[in-house]
Amino acid sequence: MKDARGSWYLLTGLVLGLAFGLVFAWVISPRAYGDTSPAFLRADFKDRYRAMIAVSFAANGNLPRAQARLNLLGDPDNTMAVAEQAQRAVADGSSPQEAQALELLAAALGEGTTPLPVTQEASGSAPQPSATPSRPALVVSPEVLPTDSPAAVVIVATDPPDAGSSPTTGTPASGAVRTGAVTATPLATRTPTPTPGAPFILEESTFICDRDLGQPLIQVLTQDSAGEPVPGVEVVVIWEGGEDHFFTGLKPELGLGYADFSMAPGTVYSLRLAAGGQPVPDLASAECETESGSRYWGSWLLVFTQP
Amino acid sequence: MRWFRFLLMLSLGAALGLIYGWMVNPVKYVDTPPAALRVDYKSDYVLMVAEAYQAEGDLELAARRLALLGDRPPAELVREAMVWGSQAPYPEGDMDLLTRLASDLQTWNSLPGAPAPGETRP
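Chains as they are written, first to last, in the numbering used here: chain Z, 1 to 307; chain H, 1 to 122.
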């Protein structure tokens, strides 16, 4: 006699077993919790991890290693993620050291260059050289230059003892601090600008009507005498009852020498570079008009160049 | 015989379910704390702290950074990273950095009045 139930019981057993296996693997005993990757960290922990990558990069100047570490975080755009965090850190002001390290990393990622490792003589500690130095280390002396900048530094590249010494000066960078304290984390690049340390002069000041900007901006471009963008330049904006600082290079997608500041309509601003140079007064937004008669706010474009 | 076949298929299904749930499509944790990182990622974080410490020389700051990885003593975290580094293996220069940090933390922990990991001084 043939069994009317056929082989359905086998399929039932398979399905029941499958369900039990999935419940056990996903609910009862899932994969160990301690095996996660940095990509799954909570957002604030990711920020801490990213800041640590930047601090480490500022210490050893190893850009490929920093990039590999950033890739672990799974950000769609590493450069943007670092630049955005640098902006937040500068605005926050709670950790100037990390803010500067993030700026340095953002600039290096945008530029694709590897800065020399930085050690700090000013910290009071005696940083020891690497056991096998692969390249000369940068020694930063908190030597205030004859400018008004409180954060100017002189960067001297020193070769290992057996390699002789050929000091060269690099590009001084301003500190990402609101306190005005002397700090010693430079924005170092392998390619010094043609006129390192030279003050910027205002080359162009143009009121522009560009509806695509969406809001009235003060756009700042800094470049060296060869026309190459200069990141990490501190810009100071002052208005009645307020002051703000920002840096070029934190929006690498718009250029390493680019920075902008949102103006409030009706407010008059004065802008200068923290390292000194010519202040630009009377910056205020004004209305522009399209051919159809609709109105929008215009912006200022200021180009600073090293002579 | 019938029950035997049924149990056989039940076991086969359970095995397939476990393979799928543990290996093919395991549970993915999101918003995890750093303490849940896999040992190689933790070790790399410790190495970053060691790299920064080599340049900054601030042991308290290094300990605070290590505290991100949990409540365990910083020296223990560094030792664990060194064990992983010797298995990976890490380059000699990186191992030197870890060794120096571990050594300094050991001394620092034994100093009277040294703040505990994560503790902030007034």
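Be aware that one or more of the hints could be misleading.
Here are the simulated distance ranges between beta carbons [claimed, not checked]:
(1) H:Arg2 - Z:Phe24: 23 to 33 angstroms
(2) Z:Asp212 - H:Gln106: 54 to 64 angstroms
(3) H:Asn25 - Z:Arg295: 34 to 44 angstroms
(4) H:Gln87 - Z:Pro76: 25 to 35 angstroms
(5) H:Gly93 - Z:Asp244: 33 to 43 angstroms
(6) Z:Arg88 - H:Asp31: 17 to 27 angstroms
Negatives, chain Z to chain H, calculated, CB over 12 angstroms [claimed, not checked]:
(7) Tyr9
(8) Ala54
(9) Ala286
These are computed hints drawn from the structure, not numbers from a lab.
From a predicted model like this one, the values you see are computed outputs, not experimental measurements.
Where is the CB? At the ideal position from N, CA and C, for every residue including glycine.
Discussion item. A cut-off of 12 angstroms on Cβ-Cβ distance, and Ala286 of chain Z was said to be off the interface with chain H. Does that hold?
Written reply: 46 angstroms, holds
Discussion item. Range first: 23 to 33 angstroms. Now tell me if the beta carbons of Arg2 of chain H and Phe24 of chain Z are that far apart.
Written reply: 25 angstroms, holds
Discussion item. If I claimed the Cβ atoms of Gly93 of chain H and Asp244 of chain Z lie 33 to 43 angstroms apart, would that claim hold in this structure?
Written reply: 42 angstroms, holds
Worksheet item: Does the hinted range 17 to 27 angstroms hold for Arg88 of chain Z and Asp31 of chain H at CB?
Response: 19 angstroms, holds
Worksheet item: In this structure, is the beta-carbon distance linking Asn25 of chain H and Arg295 of chain Z contained in 34 to 44 angstroms?
Response: Because 55 angstroms falls outside the window, the suggested range is violated.
Worksheet entry | Pairwise beta carbon distance, Asp212 of chain Z to Gln106 of chain H, judged against the given window 54 to 64 angstroms | 59 angstroms, holds
Discussion item. Given the hint of 25 to 35 angstroms, is the C-beta distance from Gln87 of chain H to Pro76 of chain Z inside that range or not?
Written reply: 33 angstroms, holds
Worksheet item: Is it the case that Tyr9 of chain Z keeps its Cβ farther than 12 angstroms from each residue Cβ in chain H?
Response: 5 angstroms, violated
Item to complete: Decide, holds or violated, for the assertion that all CB atoms of chain H are farther than 12 angstroms from the CB of Ala54 of chain Z.
Response: 10 angstroms, violated
Comparing the model with each numbered hint stated earlier shows that hints 3, 7 and 8 do not hold.
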